[in-house]
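**Q** Going down the list, the sequences are from chains E, R and S.
Taken in order, the first sequence gives residues 1 to 502; the numbers are from this note's numbering.
Taken in order, the second sequence gives residues 1001 to 1311; the numbers are from this note's numbering.
Taken in order, the third sequence gives residues 2001 to 2316; the numbers are from this note's numbering.
Everything labelled a hint here was simulated from the structure, so no lab data went into it.
Careful, some of the hints might be misleading.
Unchecked claim - For lysine to aspartate or glutamate, the following EDC-like pairs were computed, each having C-alpha atoms within a straight-line distance of at most 20 Å:
(1) Lys1194/R <-> Glu298/E
(2) Lys2187/S <-> Asp380/E
(3) Lys274/E <-> Glu263/E
(4) Lys1200/R <-> Glu194/E
(5) Lys1194/R <-> Asp329/E
(6) Lys308/E <-> Glu2199/S
(7) Lys1201/R <-> Glu1189/R
(8) Lys10/E <-> Asp23/E
(9) Lys1194/R <-> Asp106/E
(10) Lys332/E <-> Glu2199/S
(11) Lys332/E <-> Asp307/E
(12) Lys2188/S <-> Glu366/E
(13) Lys272/E <-> Glu89/E
(14) Lys308/E <-> Asp329/E
(15) Lys131/E <-> Glu194/E
(16) Lys1201/R <-> Asp23/E
(17) Lys328/E <-> Glu2203/S
(18) Lys162/E <-> Asp125/E
(19) Lys272/E <-> Glu298/E
(20) Lys419/E <-> Glu2199/S
(21) Lys2263/S <-> Asp2311/S
(22) Lys1174/R <-> Asp125/E
(23) Lys418/E <-> Glu2203/S
(24) Lys1174/R <-> Glu144/E
(25) Lys419/E <-> Asp380/E
(26) Lys308/E <-> Asp2311/S
(27) Lys183/E <-> Glu33/E
None of these values were measured; they are calculated from a predicted model.
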Amino acid sequence: MKNSSIIEMKTITKTFPGVIALDNVSLKAKSGEIVGLVGVNGAGKSTLMNILGGVYKANKGSIFIDEKEVEFNYPSDATRSGISFIHQELNYFASQSVAENIFMSDLPMNKNISFIISKSKLFQDAQKILKLLDSNIDPNQAIEELSVGEKQIIEIARALSKGNNIVIFDEPSSSLSISEKNKLFATVNSLKKEGKIIIYISHFLNEIQSLCDRFYVLRNGKMVGEGYIKDSSKNEIIKLVAGKEVILKNKIHLNEKKEKFIEFQNFSYGEKLKDINFFLNKGEILGIWGLMGSGRTELLRSLLGLDKKDSGEIFVYEDQNSNPISPKDFRKRCGFVTENRRVDGLFLGESIIKNITSSNLLSYSEGKLNIINTKQEVKDAEFFINQLAIKTPNSFTRLENLSGGNQQKVIFGKWLNKKPEILILDEPTRGVDVEAKQEIASLVLSLAREGVSVILVSSELEEIVNMSDRVLVLRDGIFCHEAAGNLINEESLMSISLGSKR
Amino acid sequence: MINRLAFRYGFYILIFLLIIFFTFISNGFLSISNWTQISIASCFLLAASAGLTVVLITGNIDLSVGSIAYIAASVAYLTADLGPLITIITVLFVGSFLGLINGFLVAYLNMNSLLTTLGLLIAYRGVSLVLTGGTMQKIGEELANFGSFKFFGFIPLIFTVSFFLMILIQFVMKATRFGRYCYAIGNNEFSAIKLGIPVKKIKLISFIIAGVCAAISGLLLAMYLGEITTFTGRGMEFQAVAAIVIGGTSLFGGRGNVLPGTMAGVLLLVIINNGLGTLGVSPYIYSFVVGALIFVAIYLDSIKNRYIIKK
Amino acid sequence: MIISNFKNFILSNNLTIPFSICIIAAIIFSFTVPNFSDLRNILNIFEQLGVLGFLAIGMTFVMISGGIDLSSYTTVSAAAVVGATVMVATESVFLGSSVMILVGLFFGILNGIAIAYLKMIPFIVTLSTMVLAQGFAIWFTKAQSIYGLPDGLIYFITDRVFGYLPMPAILISFAAIISGYFLYYTKKGREIYLTGSNELTAEISNININLSKLLVYIISGVMAGITAIVLSGIVETSTTSMVRDERLMDIIAATVIGGASLKGGTGSIIGTLLGLLFITMLGNVFNLLGVSPFIAIVIKGLVLVAVVGLDVFRNK
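Same shape as in the complex, but just chain E (with noise of 0.2 Å):
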């Protein structure tokens, strides 16, 4: 095993469509040192590391192993060349064992007949591989029976197996228990003491800090600080993380009136949401901000009633009174741009037209037989194109040949096509080009003014601080603090969800 490996990134830029996804950042690694990468998400974590991982290809820039240029078309180039992704989503063969899964890639054959798995040598190098991590998992167990923070375990003894000299770990705490946490630093360092050079990604400032030897701070595309963890406070990196650039002043929407519309109560759902309570005023824009794997995205699933929840009671305020509302009904009076366009919000095959109805068909269908009036469909989605600035070359357009910014603008226009009374919004501005996200925010702020009723989920900290009314902060599955004015700002919020105040 080498003793001294050095990894550089050397200025690498990467672009998509429309976005600058990473500017100019260099990166630096060494044998034995556990270097961190910390940001918020889209700052451009992962793309640098997929880049890394041989997933993507950078625009400019290199990257050097041991002073030698290398280039990476495919993942299988990283591997060879000694690198491996401990990603968030473990990557294993549910039927196998555990031994199995260690070594699919090089499985041991028997000495004499060459074509035959040797069992006996499988778990015994399946052994020492987790002796090395002063794991007492079971070779021979099934690998489907082992919990979450086991299997990453097995995924990192498989990197191990490799004799991988470069391991990166990306957010590979979110879904442990604390035992599993202690037992997975443990194993990075372990690690560490072998002389593998280790990069870890993680938005938990603590971790980071009592794990890593050097850090790096990435905000939109940009390296904007890097220095020694004992150097450092906390509230520095912090600082770097959140960025000082906000101008406050951005705030041109202030709800005055503080009339209650819908209030939440006992939303739970197993570990995921804990007793959730909240309100949301008229014309408000309330801000829920926290990191992934905080519950958000199972939060607005459950409110929505799209995922099933444990329980959870919704009632709205009219005329004074508080009337229960299921979900079904709350649901008809909601627009929902969700997280993940691609997945559930567009039609990526039909047309403009068909997207934006398609929320509000009722409302184009005429007569018993419910037809649809085709010519009005048109002039709404035109309607629509004009007043979001959607650039097409005309209606008819597929949404597949859209940019990710104007999709989302179509996605929009569908909502508002439907007039809705509460407006939730999960990451509305992801993969959308700086214009459009501009175009969006004032669209979102004035809507608000028109007394439509918003829940903003972000985890972009500008973007929450900037127009929402009140914050509340998502952690773990529980709200754990709320702001509201002039009380928000990105400093006490980021310093509140990456967890200094635990």
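Based on the hints, put chains R and S in the right spot on chain E.
**A** Below, chains R and S without anything else, positioned relative to chain E:
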């Protein structure tokens, strides 16, 4: 966890109970001659299902196995005068060739295995009809004699062939790299590709195996009957899929085995048919029962799958 | 003006492929195959279109919604034998026909509930229903065919309107117009398309995807019932294998040629019928040329494989 064990052993218990049930209900169920019948009735399905299990484990399906069996039987007819050895070799060759075609289309051209093999089911059947002129044909006498040969007077040769075929395939799936790769691909094809496993090649080989096994099945049937009819292999693919899924292999891939799984599934179907026969029940009920059984088996499979995804 | 409207119609509805294939094939065949362009032969082709057409329409609905129905062709047999028994016993064409439709409806509901509400996989469910329906037909009749159907049915189905046009072709035209209208212009039709295009998005858009899915399988089942009526009239008996296995390939191939995809969200009634026309012409030509029916089967199977390949290629 207990539920999972119940799933796994449930069918063996079911078979056991069925055997007891039929033993009490009808005379002669436990007789040697009846069990010889059962072993004969099951061996054709056993052979074809063994190979098909491999394809299913990789997450694909091959609906053309019945027609491949028919082609194999037709080949037996065509080579009737050339001696049993030539016949056997040709049959094996034809089976692997057809499997190669199937595998190439699915693995290398990325075509949907379901519809493609459905179309090939028809095409291959047409080829057999051309080869046999669409009527009954006889096969070579020597082979026919082998077809009715029984060791010690009650263990049919054809059953032993099928049984050994099952053991061979189970061995390959359990003990070789190829077998592990099949499970890996069925579980998580994306990861398998990332790990550098030659996914396309493995899938191709799985189809070739299914083709050869189907061909053997067709040959055995021809040997037993001494002739081939237009009913050879007809609908066998659906029975095979039923048996395989009942036996614990998931349609979603990555799980299941030939022994004891698929064998148990085949036995279940055959015992039910045989038992119903000794009861004097109308033979038409059988396909009814198979249809219902597939339904139940698939329903349980989809529940199992959702349970696994949830974890 | 008419020509440009027609051209627009073809282009905007993705009908270029099926339309061109039909025209080209028709031209080639009329020149190379004797008796192809005889009036009698053409009417024959359209009569056949009127038989399989209903199943093809049903399959179109199902595939647009993202599913598949392997059972409709055996459901025809199940419906035919039960309905025919009633028809013979009561001498009432009306009663018997209604029973045929009801049986088709039954299997359609069976499929629909399993797929839409029990969330089972369409291929497998309809595979088992296919076996069930076939088995049921065999059991019900003890493998005997049913003869002696009332003359009224036979006269009606084999009637030639205005002396020329085969009744099945007339019937299928009506069915095509009604189902096409339903699919393209009504809210439920639009919902079926959207359910097939992206089920998750449709759900979030407050479209009742379960109902859409149930509906398409019911339609497919009813279509099978109608086919039973038409076929029984033509062959004057009801048997346990009214529609041969190869026809399933024809139907699927027709929908895919017509623009439908296994993934759902696309497809059209006109496209499917054009696709079916092509396939029917192909079979007709085999007949006229005296091609062995077995070779015809081989070619049909290969056509389906090619069509699946076309679908893959189209979606790349």
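**Q** Does each hint fit the structure? Answer for all of them.
**A** Here's how the hints hold up against the structure:
Under the criterion of a C-alpha separation no larger than 20 Å, the hint pairing lysine 1194/R with glutamate 298/E is inconsistent with the structure, at around 30 Å. Between lysine 2187/S and aspartate 380/E the alpha-carbon distance is near 17 Å, which keeps this suggested pair within the 20 Å criterion. Taking the CA atoms of lysine 274/E and glutamate 263/E, the gap is near 16 Å; set against the 20 Å cutoff, the hint holds. Restraint check for lysine 1200/R and glutamate 194/E: not satisfied, since their Cα atoms lie roughly 37 Å apart, outside the 20 Å limit.
Distance hint between lysine 1194/R and aspartate 329/E is unfulfilled; the C-alpha atoms sit about 46 Å from each other, more than 20 Å. This hinted pair checks out: lysine 308/E and glutamate 2199/S have alpha carbons roughly 18 Å apart, not beyond 20 Å. Restraint check for lysine 1201/R and glutamate 1189/R: satisfied, since their Cα atoms lie roughly 13 Å apart, inside the 20 Å limit. About 11 Å separates the Cα atoms of lysine 10/E and aspartate 23/E, which keeps this hinted pair within 20 Å; it holds.
Between lysine 1194/R and aspartate 106/E the alpha-carbon distance is near 13 Å, which keeps this suggested pair within the 20 Å criterion. Between lysine 332/E and glutamate 2199/S the CA atoms are separated by roughly 18 Å; this keeps the pair inside 20 Å, and the hint holds. Between lysine 332/E and aspartate 307/E the alpha-carbon distance is near 16 Å, which keeps this suggested pair within the 20 Å criterion. Using a Cα cut-off of 20 Å, the hinted pair lysine 2188/S and glutamate 366/E holds, with the two alpha carbons roughly 12 Å apart.
For the hint linking lysine 272/E to glutamate 89/E, the alpha-carbon distance of about 17 Å falls within 20 Å, and the restraint holds. Under the criterion of a C-alpha separation no larger than 20 Å, the hint pairing lysine 308/E with aspartate 329/E is consistent with the structure, at around 16 Å. Using a Cα cut-off of 20 Å, the hinted pair lysine 131/E and glutamate 194/E holds, with the two alpha carbons roughly 14 Å apart. Taken as a hint, the lysine 1201/R and aspartate 23/E pair is broken in the structure, with Cα atoms around 41 Å apart against an allowance of 20 Å.
Between lysine 328/E and glutamate 2203/S the CA atoms are separated by roughly 12 Å; this keeps the pair inside 20 Å, and the hint holds. With a C-alpha separation of about 12 Å, the suggested pairing of lysine 162/E with aspartate 125/E holds against the 20 Å cut-off. Between lysine 272/E and glutamate 298/E, the direct Cα distance comes to roughly 7 Å. Compliance with the 20 Å bound is thereby established for this hinted pair. Straight-line distance between C-alpha atoms of lysine 419/E and glutamate 2199/S comes to about 23 Å, which puts the hinted pair past the 20 Å bound.
Pair hint lysine 2263/S plus aspartate 2311/S holds up; C-alpha atoms about 10 Å apart against a cutoff of 20 Å. Taking the CA atoms of lysine 1174/R and aspartate 125/E, the gap is near 19 Å; set against the 20 Å cutoff, the hint holds. Between the alpha carbons of lysine 418/E and glutamate 2203/S the distance comes to roughly 15 Å, so the proposed pair stays at or under 20 Å and holds. Only pairs whose Cα atoms come within 20 Å are accepted, and lysine 1174/R paired with glutamate 144/E is accepted, the gap being roughly 18 Å.
Restraint check for lysine 419/E and aspartate 380/E: satisfied, since their Cα atoms lie roughly 13 Å apart, inside the 20 Å limit. Taken as a hint, the lysine 308/E and aspartate 2311/S pair is broken in the structure, with Cα atoms around 37 Å apart against an allowance of 20 Å. Restraint check: the Cα-Cα separation between lysine 183/E and glutamate 33/E comes to about 19 Å, which is no more than 20 Å; the hinted pair holds.
The structure shown violates the earlier hints numbered 1, 4, 5, 16, 20, 26.
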